[in-house]
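Visitor: This is what each chain is made of:
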Amino acid sequence: MRFNLTRRSLIALSLGFALSGSAFADVNLLNVSYDPTRELYQEYNAAFAKYWKAKTGETVTLKASHGGSGKQARSVIDGLDADVVTLALAADIDAVADAGLLAKDWQKKLPLNASPYTSTIVFLVRKGNPKKIKDWDDLVKPGIDVITPNPKTSGGARWNYLAAWAYAKHLKGGSDATAKEFVKKIYGNVKVLDSGARGSTTTFVERGIGDVLIAWENEAYLSLKELGPDKVEIVTPSVSILAEPPVAVVDKIVDKKGTRKVATEYLNYLYSPEGQEIAGKNYYRPTDKKVAAKFAKQFADLKLFTIDKEFGGWTNAQKTHFADGGLFDQIYVK
Amino acid sequence: MAATALHLHSDLAGRYESNPATRESAWVKWTVIGVSLTFFALFILLPLFIVFYEALRKGWEAYLVALVEPDALSSIKLTLLAAAISVPLNLVFGIAAAWAIAKFEFRGKSFLITLIDLPFSISPVVAGLIYVLVFGRTGWLGPWFIENDMRIVFAVPGIILATIFVTFPFIARELIPLMEAQGRDEEEASTVLGASGWQTFWYVTLPNIKWALLYGVILCNARAMGEFGAVSVVSGHIRGETNTMPLHIEIVYNEYKFSAAFAVASLLAILALVTLVLKTFIEWRATQTLKRSKT
Amino acid sequence: MPAFDSPQRKGRFMSSHNALPGFRLSLGYTLTWLSLIVLIPLSAVFVKTMELSFEQFWAIVTTPRVVASYQLTFGASLAAATINAVFGLLLAWCLVRYSFPGKKIVDSLIDLPFALPTAVAGIALTALWAGNGWVGSIVESQFGIKVAFTPWGVLLALVFIGLPFVVRTVQPVLEDLDFELEEAASSLGANRWQTIRRVIFPTLLPALLTGFALAFARAVGEYGSVIFIAGNMPMVSEITPLMIITKLEQYDYRGATAIATVMLIVSFVMLITINSLQAWTAKRNGKIK
Chain A
1319 MRFNLTRRSL IALSLGFALS GSAFADVNLL NVSYDPTREL YQEYNAAFAK
1369 YWKAKTGETV TLKASHGGSG KQARSVIDGL DADVVTLALA ADIDAVADAG
1419 LLAKDWQKKL PLNASPYTST IVFLVRKGNP KKIKDWDDLV KPGIDVITPN
1469 PKTSGGARWN YLAAWAYAKH LKGGSDATAK EFVKKIYGNV KVLDSGARGS
1519 TTTFVERGIG DVLIAWENEA YLSLKELGPD KVEIVTPSVS ILAEPPVAVV
1569 DKIVDKKGTR KVATEYLNYL YSPEGQEIAG KNYYRPTDKK VAAKFAKQFA
1619 DLKLFTIDKE FGGWTNAQKT HFADGGLFDQ IYVK
Chain B
49 MAATALHLHS DLAGRYESNP ATRESAWVKW TVIGVSLTFF ALFILLPLFI
99 VFYEALRKGW EAYLVALVEP DALSSIKLTL LAAAISVPLN LVFGIAAAWA
149 IAKFEFRGKS FLITLIDLPF SISPVVAGLI YVLVFGRTGW LGPWFIENDM
199 RIVFAVPGII LATIFVTFPF IARELIPLME AQGRDEEEAS TVLGASGWQT
249 FWYVTLPNIK WALLYGVILC NARAMGEFGA VSVVSGHIRG ETNTMPLHIE
299 IVYNEYKFSA AFAVASLLAI LALVTLVLKT FIEWRATQTL KRSKT
Chain C
-5 MPAFDSPQRK GRFMSSHNAL PGFRLSLGYT LTWLSLIVLI PLSAVFVKTM
45 ELSFEQFWAI VTTPRVVASY QLTFGASLAA ATINAVFGLL LAWCLVRYSF
95 PGKKIVDSLI DLPFALPTAV AGIALTALWA GNGWVGSIVE SQFGIKVAFT
145 PWGVLLALVF IGLPFVVRTV QPVLEDLDFE LEEAASSLGA NRWQTIRRVI
195 FPTLLPALLT GFALAFARAV GEYGSVIFIA GNMPMVSEIT PLMIITKLEQ
245 YDYRGATAIA TVMLIVSFVM LITINSLQAW TAKRNGKIK
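Sequence lines, in order, name chains A, B and C. Count along the first sequence from 1, add 1318, and you get the number used in the working numbering. Count along the second sequence from 1, add 48, and you get the number used in the working numbering. The third sequence: position 284 = 278 (the working numbering), numbered continuously.
Honestly, the hints are just simulated from the structure, not real lab data. Please note that a few of the clues may not be correct.
Cut-off 27 Å, straight-line C-alpha distance, at most; resulting in silico cross-link-like pairs (DSSO-like, lysine-lysine) [unchecked claim]:
id, chain 1, residue 1, chain 2, residue 2
1, C, Lys97, A, Lys1570
2, C, Lys42, B, Lys327
3, A, Lys1381, B, Lys125
4, C, Lys42, A, Lys1459
5, A, Lys1445, B, Lys327
6, A, Lys1502, C, Lys98
7, A, Lys1490, A, Lys1459
8, C, Lys98, B, Lys258
9, C, Lys98, B, Lys327
10, C, Lys42, B, Lys339
11, A, Lys1543, A, Lys1427
12, A, Lys1450, C, Lys42
13, A, Lys1509, B, Lys305
14, A, Lys1627, A, Lys1427
15, A, Lys1627, A, Lys1502
16, C, Lys42, A, Lys1503
17, A, Lys1543, B, Lys305
18, A, Lys1599, B, Lys327
If we take Cβ atoms under 10 Å as the criterion, some of the chain B residues that face chain A in the derived model are [claimed, not checked]:
id, residue
19, Pro68
20, Ala69
21, Glu72
22, Gly184
23, Trp188
24, Ile286
25, Asn302
26, Tyr304
Just so it is clear, CB atoms sit at the ideal spot from N, CA and C, and this is done for glycine as well.
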């Protein structure tokens, strides 16, 4: 019987650890986000904790989880207790909504499609741009090695893909057929498909693979800062896509934990001048006009397509392009 | 699973090399050694070396800073906790399984052994997935646990479960062949003389298996601390809360802090080296014990 | 070791009467714990897969991308296990038969791939073998072969993780070889190569095959070290465990479990093979150690 006793007490012990997580007296908020927002939310969380303390006197402990957008959404669906989700694209939050964790009209609950900051897709090339890459059509030229993550596992990669598609479709004589051909050619030049945006950046900058990296604008700037402007430079294409990484409160979890008020305020504060400032500092495009003007020099002015207009929203884009057997899969099947 | 079995060395090289009938010509010997050691250096030494090289590239100070950073510390703590719980559980299981399998005859024994081995050859990804299927929000038991405010996956218990799973066979497989070889005579004699089951186990069996047991524990521990794939699936990646050392390494690596990532990695490499030193020591001690018992 | 040997012990072993206590407790505990930790959770994979009709299941596990991933996973695992069989045998031979400086260190470091976390191995191998790494730059400029981010990278990682298995299964058998056997072969006029090929190698074969099978089984499921170095190109360098992850990230649980089922069946078959090989090894060597 001694065996059973030890086992039981150990299980009790391990359960105890699990419980202790939710037993803190102060408020405890978990933000489940995607890969490239690590630095943004590190800074923002500190600012918000200070703001909340000043406003209510409550100490809020902010926790963050980062990973591929799809993986993160899946974890929330499977039981990761996220008070708020801040993901790479609406389709991933839609999936959480489909699981019944938040209202289906979540995107209407916050201003601007629930996207407090935006970004776009740009190119990162080697210093001096030796291959003279200027625009999307340079990526399909023979001998150009392209690096982008896998759209199946990375949210950012889907924006990359759609930006290329939109560019090709808007060329003279462009159609869905020519766009498909164009995108196919780009992926024909892709040498490494990492599973996430961060993996691709490392492959490109640190491992020295490829001539051009298709990346989030904020990732491009950050890697410039972190990994050295002596190695790479940013090229802004003629057109790109307006990437709107959305945010939402997870209704079911905040109601259970009793954190709705602070969770809502956490997201609202993102729209405040302070929140917008932090977004701008971390190379996200602020949506607040005043703050945006302040950072205007940082971001190139280019024509941006929107997902709703070009692709009929994320649900549609997801189904046509990225579902199994969708257009992306067709590229690779000979 | 013989690959991990404790084996007792006796240096035979001298004997073979001194006899013309059992040795190869010098050029064959040195070619074989040359080829093998090149392979060894390329595949074992260089990867080990580069971990330390990269870790220390920015100097000792940066190295230490990377290790005492709060998130790093909490990942170290979690890793130690997961190992501290899963290794003893597998130890108890290993002894019980080895006792049943080695000391008794029953039908389906070899099938049982195959089942115990199963976690060894299952992809870690699948290992993580199964716990999500059982304990996830839409899983079999998940809703009940969530209803009662307990978290299994995306919390510490899930990480521990996944760790137990991937290290499941190690101790049992270490003990079974040894205990089978030792037979039952000593235990039977002890029972006949009136010792209770526990006494027999404690005073007769345990001394016979202690080195193999220790060896199994050390291997189990090394694997427990290093598991990545399975833990990654069930972790939830909450900073400072559900990241183990291997996961923390991945995170830091993804933050472009390569030296810091390698610094934490070097801790695990040191652990691997300590494991190997301990293992060598145990093999040496076990050989000594065996020699003494023979004379 | 007890002095009585096989025949008597075997006879008593088979008898139904057993004076030792604890059979029910230990077996009951083993089965309970095994069921809780391994069997019940594993059955979840099958139950989830059952939600698919057979046609759906078949369609998922035979899509071209998934089939390409099997080819890579099994092909690279087979190649890696073969490379390990060759070099593992050589290494084991060196460790048993030759004395050379640093032998003790080599002997203990052989197990490093087993003890080193796979993610660390993946990062370290990538850093070494990428086009700008120490080894990668040489290989690329001298031989024009790109290793990291191609199927070669997958092979490399699998060779790394599988190495200890062959060495550690062959080594003890080599140590146990009957010294007189070789002397006899020599005195009967066999030259060294004939002795090795006709006398030593057949004895080592079962152990070598076991090591090969273990390295193969381990390689098929490997994820952590491969993912960093593979490049993950669809149809080219995607391994099967990555396909499971990809399905999961698209919220396709059934698809993920369908592929997992295929992998589980393969693991199970591999294990049965390994265990019968080990039984063969034991018989071949004529004694239970």
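Visitor: Does each hint fit the structure? Answer for all of them.
Guide: Right, here's what the structure says about each hint:
Straight-line distance between C-alpha atoms of C:Lys97 and A:Lys1570 comes to about 62 Å, which puts the hinted pair past the 27 Å bound. Using a Cα cut-off of 27 Å, the hinted pair C:Lys42 and B:Lys327 is violated, with the two alpha carbons roughly 42 Å apart. Between A:Lys1381 and B:Lys125 the CA atoms are separated by roughly 18 Å; this keeps the pair inside 27 Å, and the hint holds. In summary, the hint linking C:Lys42 to A:Lys1459 is not supported, as the alpha carbons are separated by about 45 Å, beyond the 27 Å threshold.
This hinted pair does not check out: A:Lys1445 and B:Lys327 have alpha carbons roughly 50 Å apart, beyond 27 Å. Of the pairs offered as hints, the one joining A:Lys1502 and C:Lys98 is violated, with about 55 Å between alpha carbons and a cut-off of 27 Å exceeded. A C-alpha spacing of about 19 Å is found between A:Lys1490 and A:Lys1459, which places the hinted pair at or below 27 Å, so the restraint holds. Distance hint between C:Lys98 and B:Lys258 is fulfilled; the C-alpha atoms sit about 24 Å from each other, no more than 27 Å.
With a CA separation close to 12 Å, the supplied pair C:Lys98 and B:Lys327 stays within the 27 Å bound. Restraint check: the Cα-Cα separation between C:Lys42 and B:Lys339 comes to about 55 Å, which exceeds 27 Å; the hinted pair is violated. With a C-alpha separation of about 35 Å, the suggested pair A:Lys1543 and A:Lys1427 falls outside the 27 Å cut-off, and the hint is violated. The suggested pairing of A:Lys1450 with C:Lys42 is violated, with an alpha-carbon distance near 51 Å, which exceeds 27 Å.
About 24 Å separates the Cα atoms of A:Lys1509 and B:Lys305, which keeps this hinted pair within 27 Å; it holds. In summary, the hint linking A:Lys1627 to A:Lys1427 is supported, as the alpha carbons are separated by about 21 Å, within the 27 Å threshold. The suggested pairing of A:Lys1627 with A:Lys1502 holds, with an alpha-carbon distance near 22 Å, which does not exceed 27 Å. Annotation: proposed proximity of C:Lys42 to A:Lys1503 is violated, straight-line Cα distance about 38 Å (limit 27 Å).
Under the criterion of a C-alpha separation no larger than 27 Å, the hint pairing A:Lys1543 with B:Lys305 is consistent with the structure, at around 12 Å. At most 27 Å may separate the alpha-carbon atoms for a hinted pair to count; A:Lys1599 and B:Lys327 exceed this at roughly 52 Å. At its closest, the beta carbon of B:Pro68 sits 53 Å from a beta carbon of chain A; the interface hint therefore is violated under the 10 Å criterion. With a least beta-carbon distance of about 53 Å to chain A, the hint placing B:Ala69 at the interface is violated under the 10 Å criterion.
At about 43 Å, the closest approach between the beta carbon of B:Glu72 and any beta carbon in chain A exceeds 10 Å, and the interface hint on this residue is violated. The restraint placing B:Gly184 at the interface with chain A holds, with a minimum CB-CB distance near 4 Å, inside the 10 Å limit. The closest approach between the C-beta of B:Trp188 and any C-beta of chain A is roughly 13 Å, which is over the 10 Å cut-off, so the hint fails. The interface hint given for B:Ile286 holds, since its Cβ lies 5 Å from the closest Cβ of chain A, which is under the 10 Å cut-off.
Given the 10 Å rule on beta carbons, the hint for B:Asn302 holds: about 4 Å separates it from the nearest Cβ of chain A. Interface hint at B:Tyr304: satisfied, since its Cβ lies 4 Å from the closest Cβ of chain A, which is below the 10 Å cut-off.
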